Amino acid sequence: DRGESGASQKDTLVFGVAGDPKVLDPSLASDGESLRVARQVFETLVRPEEGGTKITPGLAESWTPDSTGTVWTFKLRSGVKFHDGTDFNAEAVCVNFNRWYNATGLMQSPDVTPYWQDVMGGFAKNERDDLPESLFKSCTAKDATTVDLAFTRVSSKVPAALMLPSFSIHSPKALEEYKASAIGGSADNVQYPSYAMEHPTGTGPFKFKSWDVANKTLTLERNEDYSGTQKAKLKTLIFKTISDENARKQALRSGDIQGYDLVGPADVEPLKNEGFNMLTRPAFNILYLAINQKGNPKLADIKVRQAIAYALNRQALVDSKLPPGAKVATQFMPDTVEGWNPTVTTYDYNVDKAKQLLAEAGATNLTLRFHYPTEVTRPYMPNPKDIFELLSTDLQAVGIKVQGIPLKWTPDYLNATSSGSDHDLHFLGWTGDYGDAYNFIGTMFDRQKPEWGFNNPALFALFKQADSTADSAARFELYKQLNAEVMKFLPGVPISHSPPAIVFGKDVTGVKASPLTDERFATAEFKS
Amino acid sequence: MALLDVEDLSVTFRQRGKRTVRAVDGVSFSVDTGEVVGLVGESGCGKSVTSLALMGLLPRQPGISVGGKADFDGTDLLRVDRRAMRDIRGRDVAMIFQDPLSSLNPVIPIGRQVTEVLSRHRGLSGDAARKEAAALLERVGIPDPTRRLKEYPHQLSGGMRQRALIAIAVACQPRLLIADEPTTALDVTIQAQILELLKDLVRDSGTALVMITHDLGVVAGMCDTVNVLYAGRVVETARRRPLFAEPRHPYTVGLLGSIPRLDAGRGDKLSPIPGSVRDVLPWADGCAFAPRCDRQVEACVGEPPQLVLTHTDRTYRCVNPVPPIGSPAAAAEPAAAAEPAAEAGPVTEEKPSTVPAPREEESA
Amino acid sequence: MTDGNVSVPSERGENLVEVRDLKVHFPISRGVIFDRVVGHVKAVDGVDLSIPRGKTYGLVGESGCGKSTLGRALLQLTPPTSGQVNFDGVELTTLPPNKMRSMRRRMQMIFQDPMSSLDPRQNVESILVEGLQAHGIGADRTARREIITKTLDAVGLPKWALSRYPHEFSGGQRQRIGIARALVLGPDLIVADEPVSALDVSIQAQVVNLLDELQTELGLTYLVIAHDLAVVRHISDTIGVMYLGALVEEAPGDRLYREPLHPYTRALMSAVPVPDPEVEDRRERILLAGDLPSPANPPTGCRFHTRCPWAQPTRCAEERPVLRQIGDSRVACHWAEPIASGELRPHKVSAQIVRPEDEGDTPGMVSAPSEPGSFV
Amino acid sequence: MIRFIVRRLLQLIPALFGLSILLFIWLHRLPGGPETAILGERGTPEMRAAIRHNLGLDEPILVQYGRFMRRMIRLDLGSSIATKREVTTEFLQRFPGTVELAVTALIIAIAVGIPLGYLAARRRGKLLDHVSVAGSLIGVCIPVFFLAYVLKAIFAENLHLFPSSGRQDPTIEATRITNFFVLDGLMTREWDAAADAIWHLVLPGLALASIPLAIIVRITRASVLEVLGEDFVRTAEAKGLTERVVRQRHVLRNAMLPVATTIGLLTGGLLSGAVLTETVFAFSGIGAFIADSISQRDYPVLMGFIMIIAVLFVLVNLIVDLSYSLIDPRVRVR
Amino acid sequence: MTITERARKKAEKLDRLGELSAVRDEERGVSLWQEAFRRLRRNPAAIVGTVVLGLFVLVAIVGPIFVPYGPTDTIGIREGLVKSGQGIIPGSSADHWLGFDHQGRDEFSRLIVGARQTLLVGVVSTLIGLAIGALVGGIAGAAAGLGGRWGRWLDTGLMRIVDMLLALPSLLLAVSIAALLGASLTTVMIAVGVVSVPVFARLLRGSMIAQSNTDYVLAATSLGVRRSKIALSHVLPNSLAPVIVQATLTLATAIIEAAALSFLGLGNPDSAVPEWGVMLADAQPYLGIRPALAIYPAVAIIITALGFTLLGEAMREALDPKLRK
Ligand SMILES: Nc1ncnc2c1ncn2[C@@H]1O[C@H](COP(=O)(O)OP(=O)(O)OP(=O)(O)O)[C@@H](O)[C@H]1O
Ligand SMILES: Nc1ncnc2c1ncn2[C@@H]1O[C@H](COP(=O)(O)OP(=O)(O)OP(=O)(O)O)[C@@H](O)[C@H]1O
Ligand SMILES: [Mg+2]
Ligand SMILES: [Mg+2]
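Chains as they are written, first to last, in this note's numbering: chain A, 36 to 563; chain B, 103 to 466; chain C, 25 to 400; chain D, 8 to 341; chain E, 138 to 462.
No lab work stands behind these hints: they were computed from the structure.
The structure displayed is predicted, hence computed values, not measured ones.
Don't be surprised by glycine CBs; every beta carbon is placed ideally from N, CA and C.
Possibly wrong hints are sitting among the right ones.
A few chain E positions that, by computed beta-carbon distances, are all more than 10 Å from chain D [what the hints assert, rightly or not]:
| id | residue |
| --- | --- |
| 1 | 188 |
| 2 | 297 |
| 3 | 317 |
Derived coverage of chain C by chain E (criterion: at least 3 residues anywhere in the stretch with Cβ under 8 Å from a Cβ of chain E; other residues may be distant) [to be verified]:
| id | segment |
| --- | --- |
| 4 | 43-51 |
| 5 | 142-149 |
| 6 | 155-163 |
| 7 | 238-249 |
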């Protein structure tokens with residue numbers, strides 16, 4: 036019976052994931068599965084607290100900005116070794132940052148170094164016109180355990196963004212040996228170097244062992260020389276790809292795997308009742324209904340947007356479609372992030388008011404093109420089709436005609452909603468990368484975007500101001516103000532924060548769910 | 103005691119949704135050792151079914167029932183159990199079929215098809231069997247027999263295939279050979295070859311031969327005794343010469359009158375039987391041939407006609423037979439025929455050629 | 025032209041049909057990428073014949089010797105490879121398709137298998153009307169109805185047959201329908217390809233009589249194709265004997281029976297069984313050895329020499345004999361006279377193995393099973 | 008024979024050329040491009056344009072096709088846009104799984120279907136006949152993904168008899184040579200690996216076999232019934248051969264020809280079935296991968312995989328055609 | 138036996154003979170289609186299939202009028218009964234016979250209304266496949282059978298294209314069609330239809346070529362009938378039987394295939410008109426808490442497909458020329 040593995044195997048955990056990782060070098064990754072692996076193999080200078088979003092020490096024990104707020108000094112942990120036996124030190128940190136900063140050619144492609152470009156903007160030598168000036172300026176190794184990172188300006192992203200696994204520190208020797216930056220092939224024939232596919236070398240509690248594409252499994256093993264607080268309890272950690280949600284559940288039940296991520300909301304309660312170890316991550320996401328003011332001129336009218344907001348019975352949706360613990364959103368970020376404003380304008384379900392507002396706006400005969408995605412589940416929207424059905428029922432109840440337009444998530448939906456102007460309504464969401472409000476509202480509203488179709492220079496200026504405020508307390512106040520402004524302007528309707536669940540076998544303990552999906556398998560163990 | 107004595111053989115097909123067909127309806131005939139007996143009749147009169155019934159080869163299906171008796175040298179072929187029948191078939195009684203191409207297994211070499219009988223009934227195997235098979239092929243006139251053993255049926259011409267089939271049939275020197283229209287699918291020149299071969303085989307081995315055919319010409323050249331079948335019954339039996347010289351049953355007469363003869367002149371009118379074989383009266387209701395018969399009298403309908411045995415070793419099944427040539431009745435015949443016909447009333451008024459729609463397809 | 029060319033063709037000559045050196049070769053093609061022609065099946069290989077008006081020409085020969093192909097080529101149903109077909113003064117081989125189509129009214133065909141030559145989904149009326157419509161005969165439905173009814177009468181079918189379908193008739197009746205279809209257009213020439221060989225003996229006689237009667241009544245000209253010499257002999261004025269795509273002998277029926285000149289004709293005659301024990305017992309059989317050679321690869325010289333009991337070491341294997349006039353007959357044999365006089369005696373011939381041509385299925389012909397199954 | 012093979016292979020070249028043109032146009036006409044899939048929610052129009060430019064997708068389609076063809080001629084299929092691995096590598100890693108699955112399904116279908124069809128024909132009108140005909144009818148009508156779920160629920164979740172996902176237990180250390188796990192296990196004498204791989208094949212194999220099995224049962228039954236009525240079977244019976252000989256030598260072999268045709272044609276369908284079966288059983292194969300590649304507009308993978316599949320399809324049918332000539336001497340391949 | 142009795146018996150038999158040879162003038166002939174229909178009527182499989190399909194069509198036509206609840210009415214959610222996100226979907230009750238679906242809609246009503254859409258998908262997609270396939274196959278068949286050298290070229294060209302279609306796994310073809318057209322009901326119907334094109338095309342072509350070589354085509358030619366007319370009025374009608382059988386069987390497949398496309402997320406996403414395949418696919422996330430949501434539509438699909446298959450098989454038997462006299 037393969038359901039119960041024998042005592043000797045109790046130090047091997049097979050964890051079901053929804054997709055294959057794309058690449059093992061997190062500098063090149065943006066997909067969750069690649070990053071999940073990276074989090075076990077690599078470490079970053081700073082990292083989120085376990086189970087939360089606050090910045091805590093990682094490879095750096097402390098970090099301090101200078102008075103301008105543009106140069107940060109990191110004090111590094113000593114005695115840390117990479118998996119290949121080489122030492123971790125300030126020099127290694129600079130090698131890594133310079134590798135990213137000095138990237139050329141295909142390394143500047145937005146799909147190759149997505150997070151670097153997201154956070155830092157550009158490179159030492161930008162090869163594309165649309166790239167902004169780099170935020171990162173230089174790295175100086177003062178001594179073995181002290182490193183200075185200089186930036187071109189003050190930014191809310193520093194140092195929070197350095198928690199991202201994409202800023203993991205690699206072994207300089209391995210980078211060199213396996214030609215980590217040599218992205219080969221011709222323009223339409225990109226090939227990753229062997230480092231990125233076979234030899235990721237970090238300092239984390241697990242070492243990479245093998246990636247068996249033919250069996251869709253990726254095996255990590257314990258780093259016996261781990262220098263951190265605690266060595267991994269598991270000897271072997273295996274990620275096994277099972278793309279179908281039901282198949283993951285059945286695999287867990289039949290004992291093929293001892294845990295999996297992306298649990299369907301409907302399965303949360305039943306699995307919990309069966310005794311599985313169900314962990315719920317704090318909701319660190321937002322699902323919102325976007326209104327495109329370019330799509331239909333009527334939508335530029337604030338009254339119409341308010342009417343839409345009043346028309347939606349978000350509480351019913353949260354109650355019926357989202358997992359336990361989900362909340363109706365009052366603004367475009369969760370309340371766990373500093374800058375959340377308890378006093379923003381709210382728009383509670385009110386059909387009459389919605390109808391009245393529509394009448395006032397002269398939009399009684401409104402027909403809206405409502406785009407919604409198919410073939411996708413996201414942590415913030417487990418079942419988009421169901422959500423669409425409920426939202427459109429609500430809208431129809433106040434007399435807005437809805438023309439539903441289903442599109443495949445990739446490429447159609449993302450294309451349609453983020454570039455064109457054919458859409459009036461659509462819904463989308465965001466999961467925070469790190470614990471700063473700008474990562475939520477800034478990404479959405481700090482400039483003109485086709486997704487929303489509005490231009491509000493005053494709002495954009497306020498965002499700029501917040502981003503470049505070095506003092507965090509002052510920045511948080513600005514965030515609150517921004518949230519209030521946004522909710523008054525009502526570019527879209529925030530709908531919900533939904534807590535994604537992750538499940539483990541009945542006898543697996545030690546993992547703490549993280550809002551940033553930064554679960555640390557090093558602490559996982561089988562209870563006897 | 104004859105080699106084979108068939109008595110009152112009947113075969114009935116009952117099928118759901120279809121009318122019950124009595125394909126063979128009380129056939130009796132006998133075959134002596136070394137004799138060639140012909141079964142002649144038009145399509146559908148039950149010739150093949152008779153032979154298959156004797157061989158025990160009718161499909162084993164519910165709804166097919168066989169009655170009567172077929173005494174072959176003391177064993178009743180119709181009653182013997184299946185395993186014993188398998189021993190008899192191919193060894194004591196063998197059969198040749200009409201279509202040589204479809205009767206040979208297309209995916210097995212000729213040699214194998216010959217040797218498998220030899221090993222089944224004569225215990226030969228390996229080289230001995232192959233040698234014997236080659237000898238058999240040689241005997242039936244297939245040139246270069248050792249090479250042919252490896253060939254497949256489709257690589258042989260029609261005549262050669264039929265020879266191969268004959269070789270298989272005579273492999274165990276059966277005492278009785280049943281040939282069901284062995285030459286119908288062949289050209290005349292090939293037919294002549296095959297008939298000659300059959301005659302030689304019968305002459306040399308003393309095998310009795312039941313020759314099934316619809317060609318009276320073939321019968322005239324081969325058979326010792328002839329049985330004419332109509333609608334599942336023997337309507338006339340006689341030795342060959344008397345039958346052709348003096349047919350008594352109107353059906354036999356009609357058949358002979360229908361055949362264009364090579365030695366007749368251009369434009370000699372044929373005298374065909376009107377109607378078609380489908381216009382039959384069930385035997386239970388009288389003479390099956392009555393609807394097509396020009397000598398029909400009232401007595402034809404009602405009771406099935408009895409077999410009449412004349413002193414000239416001839417039997418026929420007719421209440422109003424054609425009088426023998428030169429008999430006093432022959433002179434008076436036209437009158438005799440006309441009178442009862444008039445009485446028959448409605449029956450003769452109908453032109454049988456106007457009989458519609460096939461009967462077999464009607465549901466019960 | 026050979027010396028067999030006796031009748032001088034005239035504008036409206038006594039011959040309705042004149043066939044000159046007709047050849048039909050079917051290409052055999054195979055190849056690696058593109059099919060190349062690697063040979064020909066010489067189904068008809070140089071035939072001359074003429075059919076006088078109102079007479080019947082009978083064509084006999086073994087299966088596969090090209091009788092049907094000749095008949096079809098004559099009617100231009102199979103395009104001839106070369107040669108001429110002259111029908112009532114009109115050269116058919118060069119006739120444009122449109123003219124040819126209207127010409128078809130005057131020449132009709134009767135087929136061997138009465139079932140397969142009738143469209144099973146047409147009732148008798150529409151079978152018969154089709155030709156009338158194609159040629160615009162009959163002004164309206166009633167006019168056509170009248171023509172059809174008359175034809176039905178002529179072939180001895182009842183009027184109620186009109187609404188029936190072919191499968192509801194017996195074999196003989198079906199053949200009558202086929203004849204009616206040919207007759208309804210009022211043709212001059214009828215090519216009957218094995219008109220009775222699929223029928224029962226008793227029915228066969230009915231149909232033979234019918235054909236005879238129709239000829240007398242309507243003055244039709246027949247080309248009757250059959251492999252049964254007795255049938256052909258019964259209805260034909262002139263008989264042509266074919267062997268491997270060519271005529272080997274042609275003569276008036278009686279003469280052919282009395283005095284067959286070609287060795288093949290003799291063998292054929294002697295092989296036909298006669299339903300008379302007296303005749304059968306007296307007859308001397310000339311048994312031919314082996315089977316008909318493949319028309320794709322016919323023997324050199326005289327096509328018959330491989331099976332001929334009179335074959336001579338000289339000429340036969342090298343020189344192809346042409347039809348020569350001997351008395352009323354035309355015969356293609358180098359040694360016809362010495363054989364007739366008994367000067368040459370037959371000898372024994374050993375059979376040669378003959379390969380049937382292309383009977384196997386090719387894999388391309390394996391049809392897709394029409395099975396359901398969505399696999400999903 | 009060799010001529011036939013050469014001819015068929017040569018015929019493949021123009022067909023592949025035509026297929027590649029059609030496919031190229033077809034794929035590039037699909038709305039959207041790979042860039043959206045790569046960037047996900049985070050993409051901006053500029054980033055997309057940059058990627059399109061990098062991938063050469065902003066060039067005229069003829070230029071793109073020319074580049075593809077030049078690579079094709081060197082037998083280089085390029086590399087996947089999504090995984091950045093070479094297309095051939097991807098194929099060699101994923102195709103063996105599909106083959107193992109399809110072969111398992113075929114083996115199950117043949118091993119069960121032919122005897123069952125034969126028995127049904129012999130017992131025509133009896134209970135066994137009705138049961139197998141009804142079973143095969145239902146087999147065709149049941150959606151595979153539903154059947155798969157039911158099979159897993161019973162045999163994996165409740166009875167714990169078989170694993171419910173994957174090709175092999177990842178805790179087994181197995182050497183990979185050909186990526187055919189069973190074969191690899193046997194070659195390296197890692198018996199437990201081979202056994203485990205077979206174990207993993209059972210449920211997906213059964214699910215995928217349901218339709219071929221149903222079809223084979225019915226074709227075999229029909230074909231045996233037809234052969235039983237053939238003249239040569241009667242001849243064989245007339246020879247007095249034993250029932251076993253008649254059955255094996257004369258009936259079955261002749262009945263196999265249509266079955267072989269069907270099996271050849273089933274291969275295409277098995278690939279389709281594999282798309283779903285692989286998804287439901289988390290089985291690593293090309294089916295699900297191609298489906299993903301379509302939504303990700305991974306042009307090189309789609310072009311490469313479909314061309315390879317087309318070649319294989321032709322090869323399989325070539326083998327089937329050749330096998331006819333083994334079963335049936337009348338069939339001359341030329 | 139008395140004499141009178143014997144006489145009476147004899148009279149009866151005489152009548153019978155008269156009957157046998159009587160001219161049944163008034164009767165019309167029975168065409169092959171009618172013949173086949175008669176055979177069909179006697180086949181139990183056909184009867185079962187027809188009854189199943191009859192019910193199905195009846196439900197599809199009148200069902201939506203009688204359903205107790207609107208198929209898109211999310212009552213369960215309004216009333217707070219359904220919390221599918223938390224694993225709560227109530228089963229059958231007196232008011233809701235089959236309970237709610239995951240969106241709080243009445244499952245029974247959706248099942249009934251879904252019949253219409255399912256029928257539509259099956260019929261339309263089969264018709265699409267049939268129309269295109271028959272057009273391609275018909276042209277190719279006519280060209281190959283009657284068209285001479287040019288015809289053979291045309292035939293070869295068309296068939297190469299069809300072969301290519303056949304070489305692509307059908308589901309992938311459907312997936313890529315859906316990718317081109319976007320997910321919608323039309324897409325599903327087109328995709329499923331296109332997939333069956335090669336089958337219809339090859340079937341009709343093969344059958345037409347076979348028919349072109351028959352004697353009655355030759356007979357029509359010798360009557361002087363135009364080739365185009367021969368193709369249309371002889372060859373085509375006689376080639377249709379296998380195509381019709383296939384169409385019936387394809388109806389079954391189409392319904393299942395549409396369900397598979399829905400499962401892959403390509404199906405009709407518009408739930409205003411429920412369809413069984415979509416319902417089955419939509420039920421997947423809730424298999425753990427209420428498998429009935431999948432079982433109802435699955436069983437409905439299986440039964441319907443079975444009905445079509447039974448009828449198709451029976452028709453195959455009824456139309457089989459081998460069984461004709
Ligand atoms: N399996 C069967 N089921 C039902 N009826 C059958 C079956 N086999 C034969 N018959 C019927 O039995 C009758 C006699 O058939 P049989 O084959 O013996 O005729 P035949 O004299 O051999 O004719 P032919 O010259 O055509 O071979 C026919 O009417 C036929 O319809
Ligand atoms: N369309 C064709 N293509 C190739 N070969 C053909 C074609 N039609 C006939 N043949 C060949 O031509 C030869 C003569 O055929 P044909 O049908 O004319 O003979 P036949 O004398 O009518 O024979 P049968 O008596 O069997 O009807 C045969 O070898 C046949 O295989
Ligand atoms: Mg018979
Ligand atoms: Mg012919």
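Evaluated hints:
1. The Cβ of residue 188 of chain E sits about 15 Å from the closest Cβ of chain D, beyond the 10 Å cut-off, so the non-interface label holds.
2. The claim that residue 297 of chain E is not at the interface with chain D is violated, since a C-beta of that chain comes within 10 Å of its own (minimum 7 Å).
3. Look at residue 317 of chain E: its CB is around 5 Å from the nearest CB on chain D, not clear of 10 Å, so calling it non-interface is violated.
4. Beta-carbon proximity to chain E at under 8 Å applies to 0 residues in the segment 43-51 of chain C; the threshold of 3 is not reached and the given coverage is violated.
5. Coverage of a stretch by a chain is defined here by at least three residues with a beta carbon nearer than 8 Å to that chain's beta carbons; for the segment 142-149 of chain C and chain E the count is 7, and the condition holds.
6. With a cut-off of 8 Å between beta carbons, the segment 155-163 of chain C has 3 residues touching chain E; three or more are needed, and the interface restraint holds.
7. Remark: the segment 238-249 of chain C is not confirmed as covered by chain E, as 0 of its residues place a Cβ nearer than 8 Å to a Cβ of that chain, below the required three.
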